[in-house]
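Participant: Below, each chain spelled out in residue letters.
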Amino acid sequence: MVNAGRPHAKQGSRRLVSLLAERHGQAIRQTVVRIRNGPLTAGLMSLVIGVAITLPALLVLISANLQTQLGKVEDMAEITAYFFANVRDNRAFEISERLQTQIARAEINYVSAASALAQLSEVTTLQPVLGSLESNPLPAAVIVRPEEPGVATAREIEQTLVSLPEVELVQLDFLWLQRLEAWLDLLDTLSSALSLIVVSGLLLIIGNTVGSSVQSRREEIRIIKQIGGTDAYVRRPFVYFGGFLGAAGGTLACLFTAAIGHQLATAVNALALHYQPAQPVQTVFAVAGLSVGQNLAIILLGASIGGLAAFFSVSRKIATFNP
Amino acid sequence: MIKFENVSMRYGPGLEALSKVSFEINRGELVFLTGHSGAGKSTVLRLVLALETCSGGSLMVAGKRIKGLSKSELALHRRQIGAVFQDHQLLFDRSVGDNVALPLQIAEFPHREIKRRVRAALDKVGLLHKETYSPAHLSGGEQQRVGIARAVVNRPRIILADEPTGNLDPELSVDVLTVFEQFSAVGVSILIASHDGVLLSQFGHRTLTLDQGRLSSHG
Chain P
1 MVNAGRPHAK QGSRRLVSLL AERHGQAIRQ TVVRIRNGPL TAGLMSLVIG VAITLPALLV
61 LISANLQTQL GKVEDMAEIT AYFFANVRDN RAFEISERLQ TQIARAEINY VSAASALAQL
121 SEVTTLQPVL GSLESNPLPA AVIVRPEEPG VATAREIEQT LVSLPEVELV QLDFLWLQRL
181 EAWLDLLDTL SSALSLIVVS GLLLIIGNTV GSSVQSRREE IRIIKQIGGT DAYVRRPFVY
241 FGGFLGAAGG TLACLFTAAI GHQLATAVNA LALHYQPAQP VQTVFAVAGL SVGQNLAIIL
301 LGASIGGLAA FFSVSRKIAT FNP
Chain V
1 MIKFENVSMR YGPGLEALSK VSFEINRGEL VFLTGHSGAG KSTVLRLVLA LETCSGGSLM
61 VAGKRIKGLS KSELALHRRQ IGAVFQDHQL LFDRSVGDNV ALPLQIAEFP HREIKRRVRA
121 ALDKVGLLHK ETYSPAHLSG GEQQRVGIAR AVVNRPRIIL ADEPTGNLDP ELSVDVLTVF
181 EQFSAVGVSI LIASHDGVLL SQFGHRTLTL DQGRLSSHG
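Top line first, the protein sequences correspond to chains P and V. Just so you know, we're using the numbering used here here: the first sequence kicks off at 1 and counts up by one. Just so you know, we're using the numbering used here here: the second sequence kicks off at 1 and counts up by one.
Note that these hints are calculated values from the structure, not bench results. Please note: incorrect hints may appear among the correct ones.
A short, non-exhaustive set of chain P residues, derived as facing chain V with CB atoms under 7 Å [to be verified]: (1) E22; (2) R23; (3) Q26; (4) I28; (5) G131; (6) E220; (7) I227; (8) G228; (9) T230; (10) Y233.
These numbers come from a predicted model, not from an experiment. The beta carbon of each residue, even a glycine, is placed where N, CA and C say it ideally should be.
With these hints in hand, go ahead and build the complete structure from the sequences.
Facilitator: Here it is as structure tokens:
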């Protein structure tokens with residue numbers, strides 16, 4: 001008859017697993033009841049958290065997409081050598097043929113002065129200007145596309161080309177790539193800083209919300225402590241509540257980011273369309289959304305921030321409550 | 001089970017609620033605590049439940065000194081006591097059944113076991129048909145009985161009751177005290193604070209009388 005206190009003192013065979021399941025199942029049930037009793041507060045809080053997380057998530061999305069596009073551009077990196085105007089066409093062609101054997105692992109294309117003019121006149125707006133010219137002002141050129149991108153390889157090829165007496169000018173187009181990379185690094189730093197600010201903001205917001213929820217349940221907490229509830233028992237549903245808010249906010253942030261990413265794709269494609277006529281190669285920009293893993297990470301991050309904020313806020317508050 | 005030795009309780013200079021109170025309650029004993037209001041009855045109960053710590057003397061409950069218990073030890077200490085409060089102390093945002101289930105939930109009993117015991121406890125106080133009601137829709141007497149069901153549901157070693165019959169008509173009062181007697185018969189120590197003289201004489205258990213913080217009679 002007399003068996004107060006811990007029930008598992010008597011039921012020794014009861015496994016730890018079912019005890020934990022009972023303990024946390026109970027806390028989750030209480031959390032569900034609390035959310036159902038105040039859906040507006042929970043909804044608004046999740047929305048605030050969602051909007052806050054969307055900002056850094058968007059920056060990550062933009063940075064990731066630029067990174068992908070940059071990779072494609074790097075593949076297209078090329079070195080162009082322009083011949084002196086007085087170098088004859090067949091001589092220039094000869095040299096480019098010889099380069100084929102000198103430079104390994106690269107695609108070498110010879111562009112004669114005539115074909116360069118033909119390419120240029122494809123751009124319709126320039127036709128009247130070109131038509132008025134007496135002679136072809138364009139030099140012959142050789143375009144080298146290294147198979148493996150990288151500054152070192154490009155420099156090597158540049159040296160080879162510069163050493164040719166017939167070559168007037170060698171143009172390397174990777175300087176702007178380096179600058180772009182630096183910009184992307186800046187964007188990454190910015191999104192890290194913003195994430196840090198958002199995380200600390202969320203800790204404060206969620207901590208504060210859960211704190212006032214503790215305040216309004218003061219009487220209930222007092223009664224629970226009176227009949228032997230531990231601080232952990234009191235804390236548990238609040239921690240779950242904070243975790244729920246964070247997870248719901250994270251889920252909303254994922255939805256917002258996906259929606260904005262979708263809009264962005266439409267806008268980027270419309271923008272790209274305006275560049276199409278000048279581009280010999282058709283380029284399709286596909287804005288990639290966040291991956292499943294990234295989405296899960298955002299939701300998990302939200303949940304842990306929420307749980308953590310609630311944990312500290314509740315612990316601080318209930319220590320001051322005496323039954 | 002409960003042992004007071006020269007226990008004093010001061011709430012400030014000149015405000016002595018208890019002075020040098022000594023008594024002992026054995027296992028399975030039912031004891032009444034009586035006296036005028038303000039005599040210190042509630043203070044005695046609050047000290048046993050460790051809601052307050054005495055300012056002098058020594059207090060042992062179930063073989064343990066209350067002073068110096070850690071926070072989690074205090075929680076375990078309170079779990080072996082079923083307390084009936086004068087103002088019921090029910091949670092109005094949950095049903096009668098959930099209120100009674102609270103001590104079992106805190107002690108982490110299995111779900112099914114909780115349901116069974118809650119129904120048994122409510123049946124004992126004659127409120128089984130109101131399991132799903134909100135306590136707000138119950139009369140004062142019914143709320144009192146819900147509080148009693150909650151106090152006994154965990155089959156505690158000690159039951160403390162502060163004016164448990166205060167809101168009940170004489171017939172129900174007798175019923176409730178009979179329930180308490182049943183518990184004491186199986187070894188539960190019970191301390192009931194009451195100034196209902198008629199009831200006290202009718203049941204004839206040992207009575208401690210407090211007068212201005214001093215024990216004037218050991219009954």
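Participant: A closest beta-carbon separation below 7 Å is what the hint needs, so does P/I227 meet it against chain V?
Facilitator: Holds: closest Cβ of chain V sits about 5 Å from P/I227, inside 7 Å.
Participant: Does P/R23 meet its interface restraint, that is, does its C-beta lie within less than 7 Å of any C-beta in chain V?
Facilitator: P/R23 check passes; min Cβ-Cβ to chain V is 6 Å, inside 7 Å.
Participant: Going by Cβ atoms only, is P/G131 closer than 7 Å to chain V?
Facilitator: Since chain V brings no Cβ nearer than about 87 Å to P/G131, farther than 7 Å, the hint is violated.
Participant: When the nearest CB of chain V is found for P/E22, is that gap smaller than 7 Å?
Facilitator: This hint holds: P/E22 lies near chain V, its Cβ roughly 6 Å from the closest one there, short of 7 Å.
Participant: P/E220 was flagged as interface toward chain V. Is the shortest Cβ-Cβ separation under 7 Å?
Facilitator: With a minimum Cβ separation of about 6 Å from chain V (threshold 7 Å), the hint on P/E220 holds.
Participant: Return the status of the interface hint for P/Q26: holds when the least beta-carbon distance to chain V is below 7 Å, violated otherwise.
Facilitator: 6 Å, holds
Participant: Does the CB of P/I28 sit less than 7 Å away from some CB of chain V?
Facilitator: 13 Å, violated
Participant: Hey, does the P/G228 contact hint survive, CB to chain V under 7 Å?
Facilitator: 4 Å, holds
Participant: Classify the hint on P/T230 as holds or violated, based on whether any CB of chain V lies nearer than 7 Å to its CB.
Facilitator: 4 Å, holds
Participant: So, as I understand it, the hint says P/Y233 touches chain V; can you test that by seeing if any CB pair is closer than 7 Å?
Facilitator: With a closest approach of 6 Å, the P/Y233 hint holds.
Checked against the numbered hints above, the structure violates hints 4 and 5; every other hint is satisfied.
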